[in-house]
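Protein chains in written order, with our numbering: chain A, 156 to 267; chain B, 61 to 174.
Hints were generated in silico from the structure; no laboratory data involved. Be aware that one or more of the hints could be misleading.
Short derived list, chain A residues pointing at chain B, Cβ under 7 Å [claimed, not checked]:
1. 204
2. 208
3. 229
To be clear about the criterion: a stretch of chain A counts as covered by chain B if any three or more of its residues have a C-beta under 8 Å from a C-beta of chain B, and this derived list gives those stretches [claimed, not checked]:
4. 184-191
5. 251-258
Heads up, the beta-carbon is just placed ideally off N, CA and C, and yes, glycines get one too.
As a plain string of letters, each chain reads:
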Amino acid sequence: ILNVEQSPQSLHVQEGDSTNFTCSFPSSNFYALHWYRWETAKSPEALFVMTLNGDEKKKGQISATLNTKEGYSYLYIKGSQPEDSATYLCALPEDQGGKLIFGQGTELSVKP
Amino acid sequence: DTEVTQTPKHLVMGMTNKKSLKCEQHMGHRAMYWYKQKAKKPPELMFVYSYEKLSINESVPSRFSPECPNSSLLNLHLHALQPEDSALYLCASSQKGPSGNTIYFGEGSWLTVV
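Generate the whole structure from the sequences, applying the supplied hints.
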């Protein structure tokens, strides 16, 4: 079973702080990596799907990098706002079939 | 339109009831998924439909019965559930499988079994 680990488990920052968290995974049999943002009472929102080693993607103040050789991805938020408070999940397909394995998530709280 | 719509949002059912959860997408996606999420844990895959055929069943008990009547709809029929089945049930869809394709999730159906 694919082991996807996220750290830290939770993070409390002040408005305006920049922050980052990590998703770690086995470097063998890599297919893709998904980042999601999940706010309470809403659906998980797809942020990025990354497939190539060295990929860097950006959406507004959020960006992500991917290193498939060493098995990690970083998610960065520049200048956090209270509305960025959510749980950030990474997930990887176990194989080509359709099963996505999620990490435990990083719960971000941004205080005004 | 990148919406996956789930109904109902909340459902309370007794252990002898029969109910269904419904999911709809109009993005032309050919892969649809049911996930189960318990508090403070990541979503866990239950079923995958690919081109309206069941392709993955993660050893889910038969009291959960999925159905894909057409390419836009996915149902989850519930019968004789247990209190421990209370959870958030998420439906999702993607163009094809999750290798490189964005998966879109619905808001989920909160199920309470009493």
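These are the hints, each one checked on the structure:
1. 204: Holds, about 5 Å.
2. 208: Violated, because the Cβ-Cβ distance from residue 208 of chain A to chain B comes to roughly 14 Å (cut-off 7 Å).
3. 229: violated (19 Å)
4. 184-191: Coverage by chain B holds here, the residue count being 4 at a Cβ distance below 8 Å.
5. 251-258: holds (count 7)
The structure is inconsistent with the numbered hints 2, 3, although it conforms to all the rest.
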